[in-house]
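The residues making up each chain are set out below.
Number of protein chains: 4
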Amino acid sequence: MSVHEECGVFGVISDKPFDAAGMCCRGLYALQHRGQESCGIVVNDDGLFVSRKGLGLVSEVFAPDVLSSFPPGTMAAAHTRYGTTGSSSLANCQPIEVNHLKGRMAVAHNGNLSNAAELRSALELNGAIFHTSSDTETIAYIVTRERLGAPSIEEALSRAMDTLEGAYSLVLMSPQKLICARDPLGFRPLCFGRTEGGVYAVASESCALKAVGAEFIRDVEPGEILVFGRDGVVSRREHCGKAPKKLCVFEYIYFARPDSVIDGRSVHAARLEAGRILARAYPASADLVIGVPDSGLDAALGYSRESGIPYGIGLIKNKYVGRTFIAPEGRSDMVSIKLSAVEEAVKGRSIVLIDDSVVRGTTGGRIVSLLRQAGAKEIHMRVSAPPFLFPCYYGTDVDSDADLIARRHTPDEIARMMGADSLAFLPVESLCALSASRDCCSACFDGRYPLKVPADTRKNRFEQKLSERDK
Amino acid sequence: MSVHEECGVFGVISDKPFDAAGMCCRGLYALQHRGQESCGIVVNDDGLFVSRKGLGLVSEVFAPDVLSSFPPGTMAAAHTRYGTTGSSSLANCQPIEVNHLKGRMAVAHNGNLSNAAELRSALELNGAIFHTSSDTETIAYIVTRERLGAPSIEEALSRAMDTLEGAYSLVLMSPQKLICARDPLGFRPLCFGRTEGGVYAVASESCALKAVGAEFIRDVEPGEILVFGRDGVVSRREHCGKAPKKLCVFEYIYFARPDSVIDGRSVHAARLEAGRILARAYPASADLVIGVPDSGLDAALGYSRESGIPYGIGLIKNKYVGRTFIAPEGRSDMVSIKLSAVEEAVKGRSIVLIDDSVVRGTTGGRIVSLLRQAGAKEIHMRVSAPPFLFPCYYGTDVDSDADLIARRHTPDEIARMMGADSLAFLPVESLCALSASRDCCSACFDGRYPLKVPADTRKNRFEQKLSERDK
Amino acid sequence: MSVHEECGVFGVISDKPFDAAGMCCRGLYALQHRGQESCGIVVNDDGLFVSRKGLGLVSEVFAPDVLSSFPPGTMAAAHTRYGTTGSSSLANCQPIEVNHLKGRMAVAHNGNLSNAAELRSALELNGAIFHTSSDTETIAYIVTRERLGAPSIEEALSRAMDTLEGAYSLVLMSPQKLICARDPLGFRPLCFGRTEGGVYAVASESCALKAVGAEFIRDVEPGEILVFGRDGVVSRREHCGKAPKKLCVFEYIYFARPDSVIDGRSVHAARLEAGRILARAYPASADLVIGVPDSGLDAALGYSRESGIPYGIGLIKNKYVGRTFIAPEGRSDMVSIKLSAVEEAVKGRSIVLIDDSVVRGTTGGRIVSLLRQAGAKEIHMRVSAPPFLFPCYYGTDVDSDADLIARRHTPDEIARMMGADSLAFLPVESLCALSASRDCCSACFDGRYPLKVPADTRKNRFEQKLSERDK
Amino acid sequence: MSVHEECGVFGVISDKPFDAAGMCCRGLYALQHRGQESCGIVVNDDGLFVSRKGLGLVSEVFAPDVLSSFPPGTMAAAHTRYGTTGSSSLANCQPIEVNHLKGRMAVAHNGNLSNAAELRSALELNGAIFHTSSDTETIAYIVTRERLGAPSIEEALSRAMDTLEGAYSLVLMSPQKLICARDPLGFRPLCFGRTEGGVYAVASESCALKAVGAEFIRDVEPGEILVFGRDGVVSRREHCGKAPKKLCVFEYIYFARPDSVIDGRSVHAARLEAGRILARAYPASADLVIGVPDSGLDAALGYSRESGIPYGIGLIKNKYVGRTFIAPEGRSDMVSIKLSAVEEAVKGRSIVLIDDSVVRGTTGGRIVSLLRQAGAKEIHMRVSAPPFLFPCYYGTDVDSDADLIARRHTPDEIARMMGADSLAFLPVESLCALSASRDCCSACFDGRYPLKVPADTRKNRFEQKLSERDK
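Chains as they are written, first to last, in the working numbering: chain A, 620 to 1090; chain B, 620 to 1090; chain C, 620 to 1090; chain D, 620 to 1090.
Same shape as in the complex, but just chain A (with noise of 0.2 Å):
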């Protein structure tokens, strides 16, 4: 599917030099679902920062002699993201590296302000130049200017939250400390832990902390900031509780890896139990429940076994497929590359086929007419989320250009256009149900959303309004 979130983000501290390249290595493995376009990490080799960031994946670009290039440090801060593709992007890689007054910092961010065209703006009306056009950019200006007045960096960060508005999961790394903060709202996921030889770890999520053999201690609070350094871990709270907890619900449905737990809630769990939502209100009677592979795995056995349907494995993924793959002309059909049905499996049966997500309906199309060449009697879709109806401000991105399907049919138009024989997708009363807090944000489901829609929402806002000006 064409949705995606920008981002994850690792942090390692010890009172010792040791291997902080290759713990954050492994950690930004466990992270790349979050982000394929580019990574980097930047080790803190006793107030000497040494980096290595470049396009392509955590494998690509820290090659066994890249990595081994690096010295021990007692800190690490790294960063996997997506993106738009094209060698100018190597700009945009994370973490950004900054030198001020106070000394050098290296930001990583994972989020989406939805104050940065008012910032920005304000930042250069008083100077300011920009050498990229990402947000973690204008964040590292605020905590910049306002360390310029703060007795440390951590007051300087918490002064910047005041202004900083939209989700933002930080690991923030100085010379002496490392620090990690969650914005008020807790869009974006954010855990920390510790291995038995004493490393904190901070991460994304819970599945990098174990990749690295770190005991998760527990989520970030929204609105908190951590503080790693000579006197241990400190906790700020001036910003927490000031609103409801918002995490974005999409992180359960399709960004998070099943094995990972965020703020009390298995992914894993929570796919099972849209499965089973989706069975309870939208029964069929089919001989087999399968699911697109891997996200829709989870559902697909939550499906199965709150209908008693049986589950099967009607589709295999390619996981060889390059990211430069490049279809043949006259046909654009990447599923037929990377998919493929088992015949066995689903030949004169009728299916429950369990998606995560519909878009523009095209990827979904070809899946339903792959199980129609292999002998599939009836397809009933479910999907696992509910339709796309709005524009997210808080880093999901829904290609901007993308023909929303859902805005202008209805399920059973859908299903028709697709060869399904039904459609359902999961409620969006029951989307309280998938998190533990009973509480999330779901504007791109149902509009609400939980703070102030900014003006100018384009992603590219910045790159467009460049070329426009002094001519």
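Misleading hints may appear alongside valid ones.
[As the list claims (entries may be wrong)] Listed next, the in silico EDC-like pairs over lysine to aspartate or glutamate satisfying Cα-Cα at most 16 Å (straight line):
#1 D:938 with C:679
#2 B:938 with A:679
#3 A:938 with B:913
[To be verified] Between beta-carbon pairs, the in silico distance windows are:
#4 D:851 with C:967: 27 to 35 Å
#5 A:634 with C:1008: 47 to 55 Å
#6 A:852 with C:1065: 58 to 66 Å
#7 D:1047 with B:741: 53 to 61 Å
#8 D:1048 with C:967: 53 to 61 Å
#9 D:967 with C:1036: 43 to 51 Å
#10 C:737 with A:634: 31 to 39 Å
#11 C:938 with D:1008: 25 to 33 Å
[Unchecked claim] Derived contacts from chain B toward chain D, CB cut-off under 10 Å, selection only:
#12 670
#13 710
#14 724
#15 748
#16 749
#17 756
#18 767
#19 1070
Everything labelled a hint here was simulated from the structure, so no lab data went into it. Note that beta-carbon positions come from the ideal geometry of N, C-alpha and C, so glycine has one too.
With chain A's structure known, arrange chains B, C and D on it following the hints.
Below, chains B, C and D alone, put in the same frame as chain A:
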């Protein structure tokens, strides 16, 4: 696991020029699981051979600019290879291309000759020089020598087959013909199909036919030679029916893709059946059946269905871990990077864990340990293959230095070593149930070799001998 | 030798779109001798900036596929840079691009600010963040801040020049204009010309104008700002004539290409003259005059012509030795790989050997030794520059750790240490004869600095300070 | 110019392991001018061959990490090659390595067999297969076939030499021996030397011996086989003295480096002499003599000395222009990118311009034009070689499609076409003066072939025939 086969072959031919390289590339994507070390495509552009080969995955070797540098052609041969690492093995990339009296020839090969050493010695005594250490060059030599006295390349191949012993599925390309052949015992799979546009495609597995939009026609029969050329498709059957079919049973258990159908038997169905057999032979009292992804999932589903124990998703595989990942010092466990347990699913539960094989036992031990850390109460391991006890001379590569645990320990001992509560292997006498013909090669499990066992069977036998001579 | 300047700048503009990137590429080829670490081109495609930058030679960074990925544009700015190694310096590639209130700006810079530290501190106190450690970002900042109150970018640049001290030859590009400027003392060269097709080109040296088919119009004057835009070429001279011209004399001796003409003086002629001066001041009784290729050849010819001693070809330079060549252990002599003596020419002869500088004396010693091994009878070394005695703050980089041999030894001692029969330097009082205006900066030889000497002059002054703060 | 020879060979051997790859790399750097398409090194590590080969310059193929991946060895063979472009030619990289009955063999070859087509046909009739289109593989085959009946590899080589006709300077490496040989007419150079540390080195040119610190011992004689092994150095002379020495005169004029000495004659001295001959035969009234860098400089100096006209530096070569540079559309002149005139030197002057050859006349015409633009009053071109009139079958590659201007035009006509005031070639009857022995091959100038002319002499003769057969 550490068992590998060497290679997938692919070929296409039409009566007019088309994007033969692009179609081969899609075919190779579908065969990538059969070998990830190197790959190659040779396009026949009106008698001129244009080739690109390289170390790496299809997505790495055939980047868009490389793929677009091929001319259109009326046919092409392609190969994906498993092998040892190191740039020196560039010479071993296939298809190999040779020039001889009657023109150029490209050869792609899957399998291993059991009389390779004798054949090679005889050729060398007659003045042959070898550029590689692969059996493929030996095959090319013998075909070429026969070609001197034969009226056609297919006749030369047929005569060569009198001499060749062992496993081989071949795709040969001459300036005017595409030819494929399968050894008389049919150790390795080979099939062909046709697209709506009239392109014939030959492939190691049927999943690659689907990937290029070709409809499966049938398997190439053991001993059969198929000649695709000006006169359409001609089948030569002089080597057919002289020996019982002996398809490698490990194709069903591990090598092939579940959506492939080989010699009339769906791989998915064979694996389901292996799970069912295990459930009947070695029942367990448990709450959940989980498979080790990806190749253990189908058998896990079979075990679940037969036993009635619910199927679960308990292990997540990280598909982004590169082949070059190097585990940090002191922690050789790729396992914890590649796999993680879904705590929510396994915590407090008794688990039946299905894996496809046990070689040295270390991987299995680590998976058991992951599940224990995630809170699994009991772990009953069931292996969907019998224990490896004998070397394979037909293309399956169990590391020669492998410490085959089953040769020295009973299942109970292995269970204890791994930390599992019980462990059982697929009964060797039930193997016949996996294939459609109820006849297959299972020599690595039972030592019943269908052909004479070679004297020197070391993998690097040619390379080692070379440095001992002419001193 | 180990003396380096940092950078060559280039820019082009026309009133209609053209292959601006291709023309920049040819210009950079001609300026490659001024810097080989990295290079970059930014094309202005109707206000949209498209840039490609990278570490390496122009031929490496601008491979045909990269070059052809640029769109046509009406203008472009380009840069080639000398600098330290390491991928981390990717951030320092120029032209740098910044976004600000009034639009985007690209800046390419050759030189060094002598008040960079003060300027940077002041900016940081005002909330600025820096992404790089280069003076170019400081210049961009100051121009941007002035831009807030200035009616045009050229006015902002002019106001910025009130603040900037030191050496700078600049090419600036805004969405609508190409602007170039030279510092009021004119330390670094800068000139412009025009092609028959109406494209204006700006370049560090006139050889780059020739390379793109542009006819030299004139040098940019010290202090002059030239604005190329809709209104043609506008010269602003408010900073002109306030200080004596102080072109770096080392441009004539070493940096510039012999076919360039700088401030009215041919570099070739200046070097011939240096050779003639040496011949008059330090005659030698010898059979042959040879130069160390490439930069010693012109002076050798001058010495030969003045003295009447025949000119010879006695040393061959290997042009294929890559920058990454690593000398074998225990033999640090790049010299014997890069240079070799023509035994036929030097055997049994007394030689006058002309080199362009002596820094540590090791290279010279090895060349003397090469010639001795080839049979030279006597070697009289003549250096076409005075001895380095003082640090340069205007862009010439004598390694800070360099063991400047001339500070501790007399020419006779140096001759003995190198194994030469005699050695003499260009008299410092004759330097004025090399330039047309008889006035130039020769501070590195005589300590007469035309501007206030900065307090902290370490090359890495910013990087070092950064890790000391905020601990 | 567009005349090329194919290849430089190099080899080293010691009685104990050393950094053989590093020494080869330095040797190849010194031979890089003989071929820039590809290069390779094969190290003999106690009978095990470790090789690295690739397309590109030595500095590109043997990056530090590649070079350091070689083990130490007691010997190594190396090669640098000129050839056509395209990744498909990777197979043609040398040294080629073949495996045969008596062990492994590496072969590096410089030259061209004039009976290659006959030899290849005969081998193919006997069942040989060829992987490449190069003569080197033919040589390897014939040596291998002889090896079957010969007591040693050197005896096999000697017997093979009864069959081989044409030009070949060879380095062969077996598990135990390094062998070099030169064809009986000695078309291509070959020499050997010894380092202080006891390493023997064999090289195409003496400049490569110097580069590795080896003292030149002597040229390998025409027809001589030298065997370096356990018994020291053994010379076999059974093919010596049967024919007059026929060194290719173009080695002196163009191919070899001026600091090399070939068959007793310094290349520098030969070129000086060519200049002197031109000065006597074709005097000119001029102010300055300039050479086209780099290979015209020595002859220019000779002309200057003989005529008394001052030597000047009038053309500068840009050493940074990569091989992949693509001239902008509509301007095919690489010349203006690679060369530039020194206006100061040539303006208003009458010039004698020395180039080493004229093939199609286009390059010369552009150089004349560059000088005119720079203000040269008169240009008298003198070419330090006779006109090319006949094809070479011994390894010199004048482009087969070359429009050899001298075959259709008189020198006066060529001068007019180029825009020169006069033009003269080196008299063909004075060629003998260039070599020490006064005897050399000058067939490309005078058509006097020392061996039978082959029937089919097309460069791609093998490749073309291949696609015609087996249709």
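Failing hints, ascending? When the structure is compared with the hints, numbers 8, 19 turn out to be violated.
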